[in-house]
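S.K.: Given next are the chains, with one letter for each unit.
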Amino acid sequence: MTPDEIEDLAGEYVLGTLEAGAARAVAADPDPALQAAIARWEARLAPLSALAPPAPPPPGLWARIEASLAAPVVVPLQRTRNWLWPAWAAGASAVAAGLAAFLWLQPAPAPQLMTVLLSRQDQPAWLVQAEGGGLRLAALNPQPAPEGRVLQLWALPQGATAPTSLGLIPPSGAVSIAPGRVAPSPGMLIEITLEPPGGSPNPRPSGPILFIGRLAAAAGS
Amino acid sequence: MDSAAQLAAIAGGDRAALRALYDAEAPRLFGIALALLRDRDRAADALHDGFLNIARRAGQFDASRGAASAWTGAVVRHAALDIARRQGREIPTDDPALGDIPVEAEALTQVAAADDGRRLRDCLLALEESRRRGILLAFVHGLSHAQIAAKLELPLGTVKAWIRRGLAQLRGCLT
Numbered sequence: 001m002t003p004d005e006i007e008d009l010a011g012e013y014v015l016g017t018l019e020a021g022a023a024r025a026v027a028a029d030p031d032p033a034l035q036a037a038i039a040r041w042e043a044r045l046a047p048l049s050a051l052a053p054p055a056p057p058p059p060g061l062w063a064r065i066e067a068s069l070a071a072p073v074v075v076p077l078q079r080t081r082n083w084l085w086p087a088w089a090a091g092a093s094a095v096a097a098g099l100a101a102f103l104w105l106q107p108a109p110a111p112q113l114m115t116v117l118l119s120r121q122d123q124p125a126w127l128v129q130a131e132g133g134g135l136r137l138a139a140l141n142p143q144p145a146p147e148g149r150v151l152q153l154w155a156l157p158q159g160a161t162a163p164t165s166l167g168l169i170p171p172s173g174a175v176s177i178a179p180g181r182v183a184p185s186p187g188m189l190i191e192i193t194l195e196p197p198g199g200s201p202n203p204r205p206s207g208p209i210l211f212i213g214r215l216a217a218a219a220g221s
Numbered sequence: 001m002d003s004a005a006q007l008a009a010i011a012g013g014d015r016a017a018l019r020a021l022y023d024a025e026a027p028r029l030f031g032i033a034l035a036l037l038r039d040r041d042r043a044a045d046a047l048h049d050g051f052l053n054i055a056r057r058a059g060q061f062d063a064s065r066g067a068a069s070a071w072t073g074a075v076v077r078h079a080a081l082d083i084a085r086r087q088g089r090e091i092p093t094d095d096p097a098l099g100d101i102p103v104e105a106e107a108l109t110q111v112a113a114a115d116d117g118r119r120l121r122d123c124l125l126a127l128e129e130s131r132r133r134g135i136l137l138a139f140v141h142g143l144s145h146a147q148i149a150a151k152l153e154l155p156l157g158t159v160k161a162w163i164r165r166g167l168a169q170l171r172g173c174l175t
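Read top to bottom, the protein sequences are chains C and Z.
Per the UniProt record's numbering, the very first residue in the first sequence carries number 1; after that it's consecutive.
Per the UniProt record's numbering, the very first residue in the second sequence carries number 1; after that it's consecutive.
Since the hints were made in silico from the structure, they are not lab data.
It cannot be assumed that every hint is accurate.
[Said to hold, decoys possible] According to the in silico footprint, chain C covers these stretches of chain Z (three or more CB under 8 angstroms from chain C):
#, region
1, 44-51
2, 55-69
3, 133-142
4, 161-170
[Said to hold, decoys possible] What follows is a list of derived Cβ distance ranges for each label pair:
#, chain 1, residue 1, chain 2, residue 2, range
5, Z, 154, C, 31, 25 to 35 angstroms
6, C, 69, Z, 118, 32 to 42 angstroms
7, Z, 126, C, 22, 27 to 37 angstroms
8, C, 27, Z, 128, 38 to 48 angstroms
9, Z, 173, C, 178, 56 to 66 angstroms
10, Z, 57, C, 171, 26 to 36 angstroms
11, C, 180, Z, 173, 55 to 65 angstroms
12, C, 60, Z, 12, 55 to 65 angstroms
All residues carry an ideal CB built from backbone N, CA and C; glycine is no exception.
Looking at chain C on its own, in the form it has when it is part of the complex (with noise of 0.2 angstroms):
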């Protein structure tokens, strides 16, 4: 892109006029050149929210922040209505639950720890299964990265405060993390962030959240 365009894209997108898809391209773009364009526009254009009057904002938002702060099971990007949430993650235990049924009704092994991460669409996108210590990860429905970026695999134990990486995930999916680097314990956070090539360049991830869950014993399991 020229420097006009960059200039004309990142003012599409502060500006809101952006599509769906195109707005988290940018969002995720990784450029320097496109970031510190958006964030000159953001500074020209902030003082336009002085046209929206201030109001105040329903009794109990604060409370429904604090516990999704304290539980962060949430990518905010696939909640619409708060009723919509329970049911979201009702549907990922029922989803987790049956697989779990269905994968391990001969065997009776151990109380499996597992979890499935699921796409925008509520489509049951990836599992993760804690497996000889370690981990596995398959795809469900498997779909390519976007062009140019990667899929990186995150766990977080709970009560951590920052990820640990498990690696890029190539194109077939399939993952199996040893059981030296992560130890699967009940709780523990599990994400997909998309980055640049060859992973984020910081021990944190620097893309967005495509995807995450909870491991949790399968009921029955």
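With the hints as your guide, set chain Z onto chain C.
M.R.: Chain Z only, in chain C's frame:
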């Protein structure tokens, strides 16, 4: 604590600092979301998502690039725009009052009163009225190109071109 220091504390996981930011800024930020979504439930969702993003991304705030209030406003605006897009922007735009957002010189005094707002106000007033109105409808009320075209009774292509040129003109005027 100034608001940049507040964001630094939030980046360090200070929950009390986040609460203090909420107490100080929630009405302004809820107003921004409400103007974009025109529905209190959805605006509450936007403020919720926005505050989670503020908590997660406070470390990315860079005071050399703008004021803390501009940054928090932008985070909440984008959370609201994401909600608007997920709903296919099926947000009522037939409210006649929507067209009455201030575009005239004296009404834009609120813009001029904001930090760095005077210059922006002057540059907006230098735009042709339809371009100014299109830009305000998009920024303040979250209207898409198509909704602006319908509102202003102009062809879609014209609106897209005008907004693009209006932004370029603003950039030239503000630089």
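S.K.: Taking the hints in turn, state whether each one holds.
M.R.: Going down the list of hints, with the structure as the test:
no.: 1; hint: 44-51; result: holds (count 6)
no.: 2; hint: 55-69; result: holds (count 6)
no.: 3; hint: 133-142; result: holds (count 6)
no.: 4; hint: 161-170; result: holds (count 5)
no.: 5; hint: 154(Z) with 31(C): 25 to 35 angstroms; result: holds, 33 angstroms
no.: 6; hint: 69(C) with 118(Z): 32 to 42 angstroms; result: holds, 38 angstroms
no.: 7; hint: 126(Z) with 22(C): 27 to 37 angstroms; result: holds, 29 angstroms
no.: 8; hint: 27(C) with 128(Z): 38 to 48 angstroms; result: violated, 30 angstroms
no.: 9; hint: 173(Z) with 178(C): 56 to 66 angstroms; result: holds, 59 angstroms
no.: 10; hint: 57(Z) with 171(C): 26 to 36 angstroms; result: holds, 29 angstroms
no.: 11; hint: 180(C) with 173(Z): 55 to 65 angstroms; result: holds, 59 angstroms
no.: 12; hint: 60(C) with 12(Z): 55 to 65 angstroms; result: violated, 27 angstroms
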